[in-house]
Structures are given as C-alpha cells and as structure tokens.
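Between the sequences and the hints, there should be enough to build the whole structure, so can you do that?
Just so you know, the protein sequences line up as chains L and Z, in that order. According to our numbering, the stretch in the first sequence is residues 21 to 206, in order. According to our numbering, the stretch in the second sequence is residues 1485 to 1615, in order.
Since the hints were derived computationally from the structure, they do not count as laboratory data. The model shown is predicted, which means the values in this text are computed figures rather than measured ones. Cβ atoms here follow ideal geometry from the backbone N, Cα and C, with glycine treated the same way. Be aware that a few hints might be false.
Claimed, not checked - Away from chain Z, derived, C-beta distances all over 10 Å, residues of chain L: (1) 150; (2) 200; (3) 203.
Claimed, not checked - Estimated spans, in silico, between C-beta atoms of each pair: (4) 1548/Z to 138/L: 15 to 25 Å; (5) 1498/Z to 183/L: 16 to 26 Å; (6) 172/L to 1587/Z: 19 to 29 Å; (7) 141/L to 1547/Z: 16 to 26 Å; (8) 203/L to 1552/Z: 39 to 49 Å; (9) 1503/Z to 138/L: 19 to 29 Å; (10) 200/L to 1552/Z: 37 to 47 Å.
To be verified - From chain Z, some residues computed to sit far from chain L (all C-beta separations above 12 Å): (11) 1498; (12) 1516; (13) 1521; (14) 1531; (15) 1533; (16) 1554; (17) 1560; (18) 1567; (19) 1568; (20) 1578; (21) 1582; (22) 1601; (23) 1602; (24) 1606; (25) 1611.
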Amino acid sequence: MASVSATSLRFQPFLKLSTRTTTQRNQFKFPNINTSEKKFRRCSEMYHDLEGRSNGWKRVTKEGRDQGCYKTSSLGAVSVGWNRRTFPSLRSSRLRICAVKAQPETVQKVCDIVRKQLALPAESELTPDTKFSALGADSLDTVEIVMGLEEEFGITVEEDGSQNISTVQEAADLIEKLIQDKSGAS
Amino acid sequence: MANAALRNVKVLPNSANMEEARHRVFEFFRTACRSLPSVMEIYNLYDVVSVSELRSSVASQIRNNIHVTDPKVIDMLLFKGMEELKNVVDHSKQRHHIIGQYVVGRQVQDSATKDPDTSTFLKNFYNTNYF
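Rendered as structure tokens:
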C-alpha cells in the first residue's frame, strides 16, 4: 500500500507537466502571423531555462515508465482485493448453515409461536410430538400457525408442505429444511 | 409483489364438492396472509396493529362463516373476499377504512352483539355501519 501511494504521489507532477505540454501544443496548432514572433521568443526563453534541467526531465520520463509498471501492479492488487472479498461470504454462509442445524432452538421457537397463536397458558406442555388437533386447533388454526412460522423465519411454505404438518416436530423439520435450501441457494 | 400476484387471479368455476371449496378457502387465507406486509406498508399501520393481529382478524372473519356447508355459497363468499382483498391491496380504500373494519371493528361488533338490552334498531345500525 505504501509503495502504491508513493507511486501515485509521484505520478501527479508528471500528469501536470503532460497537461501543460498538451496545452502548448494546442496553442501552436492555430498560430497567428502577428503573434508568432512573441511565441517563438517565449519558447526560446523556456529552452534556455531548461538547459540546466534536462536531466530532471529525463528522470521524470523514466519515473513515468516506472509508474506504468506500478499501474499494472496496482491493478493486480485491485483484483487480489476482489478475490479476497469472495472468501468471507463463503465463510459467513458456512456459519449460517452451522447455526441452522441447532435443532432445540428451532423447536423452542416453534413451540413459542404455537402457544401464542392458540392462546395457550404458559404452563401447558408442548412436546415435539404434540399434535395441533390435540391442542384444540382446527384446520384454519393450523394454516394460521404455518403463516406465523413463515413470518417468523422469513420462509415460504409450499402447499404440499403445509398440508403435511400436524405436529411440532414436523413443522420444525420442514422449517430447517427450507432454511437450509434458502441458505444453500444464496 | 401482492399486486402482481392478485392481478392474475381469475374467477374459478364452481367447486365440485365440499372438499374442494374447503381447499380454496385455505388458499385464499394463505394469499391474504402473504399480502399483509404490503398492506401494512401501504396504509402505514405499524403504530396501530401488527401483522399477527391482522392475520387473526382475517381468520376470525373466515371463522364467522364456519357454519356454511353449501359449496355454492362458499364460492360466492370467496369471490367477495377476493374482491375485498384486491380493493385493499390496490389502495382503493383509505387508512381509516382498514382500521375501522379490521382493527377496531371486531371489538365494536362483539360489544354490540353481547348487550341484550340493545334494541334491534341499534343492532342493525351497528352492523350496517361496520359491515
């Protein structure tokens, strides 16, 4: 990074000099007869002033060439940065997969949502094998529970999946499967 | 998204039997629930109600007609429900309509029907006001 910044700092004066030279060339493209002598005098004066600085000029040109090499290296550095950015996303996706595999947390969340939807007291027992129908839920309540789970976990349960759900464990398994598919796709 | 999904909804033929009608009711409920986040955004209901409460309100309105057993009547009710959902999603209603019908409407109706001393005139008045 230090070398790149140093080269960029050195590159600026070369840019300035090049811009000046281009402006002068543009001026000479359309010379007028009346002002040609004045411009010639100015150029001769500049030539005399530059006699002692010819080595500096050559050095500037050499530095420009070196800066070209640095440009390619800096571009390579940029590509290296792009490559580096892809790896963290892969790691984060792996971490997500590890987090999703935690069964008890998902089951606990499902139990909380079911208890809230059916307005059950806190002391009622909800085991993974408990059926929704045993808790007094009709078919519309079951669909409502599934929609609540969709909202909580940010997933979309298809019609086939929702029809097969009748216990807490089945709901939790389906949710984990959908979450893994979603994370795998992303 | 909700608009695009509801734009393609067409009038289905009558249900052949009770099972098909029941299936269509669940499909309608599912479509309505998936539209609720858009409804919350359109009418800016975040400080008045939550998505789960709206979902419960919709479910309770469906449950009010739990006694219907004729597939033709169920199809007619589904048609009216889909029309209502389309009006809500297309912003054909105003914010106070949504609040009056789905946020506080249920409480008013419940309190009205529970009071035995209320006259028939007032009962009908309350029903028509919030229906």
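Please check whether the beta-carbon of residue 1578/Z is more than 12 Å away from every beta-carbon in chain L.
Check passes; 25 Å lies beyond 12 Å.
Please settle this one: residue 1567/Z was flagged as non-interface, so is its CB more than 12 Å from every CB on chain L?
holds (21 Å)
Whether the CB-CB distance between residue 203/L and residue 1552/Z falls inside 39 to 49 Å:
holds (43 Å)
Would the least Cβ to Cβ distance between residue 1531/Z and chain L come out above 12 Å?
Check passes; 19 Å lies beyond 12 Å.
Range hint compliance [Cβ, residue 1548/Z to residue 138/L, 15 to 25 Å]
holds (19 Å)
Evaluate the condition: distance from the CB of residue 1611/Z to the nearest CB of chain L exceeds 12 Å.
holds (23 Å)
Once the closest CB in chain L is found, is it more than 12 Å from residue 1582/Z?
holds (19 Å)
Please verify that the nearest CB of chain L lies beyond 12 Å from residue 1560/Z's CB.
Per Cβ check, residue 1560/Z is outside 12 Å of chain L; nearest 19 Å; holds.
May I ask you to check that residue 1516/Z keeps its beta-carbon over 12 Å from the closest beta-carbon of chain L?
violated (9 Å)
Nearest-CB test (12 Å) between chain L and residue 1602/Z:
Its Cβ never comes within 12 Å of chain L, the nearest being 28 Å, so this holds.
Given as non-interface: residue 1533/Z, partner chain L, CB spacing beyond 12 Å
holds (14 Å)
Verdict for residue 1498/Z, residue 183/L (Cβ pair) under range 16 to 26 Å
Roughly 23 Å apart at Cβ, these two residues keep to the hinted range, so it holds.
Checked against the numbered hints given earlier, this structure breaks hints 12, 13; the rest are met.
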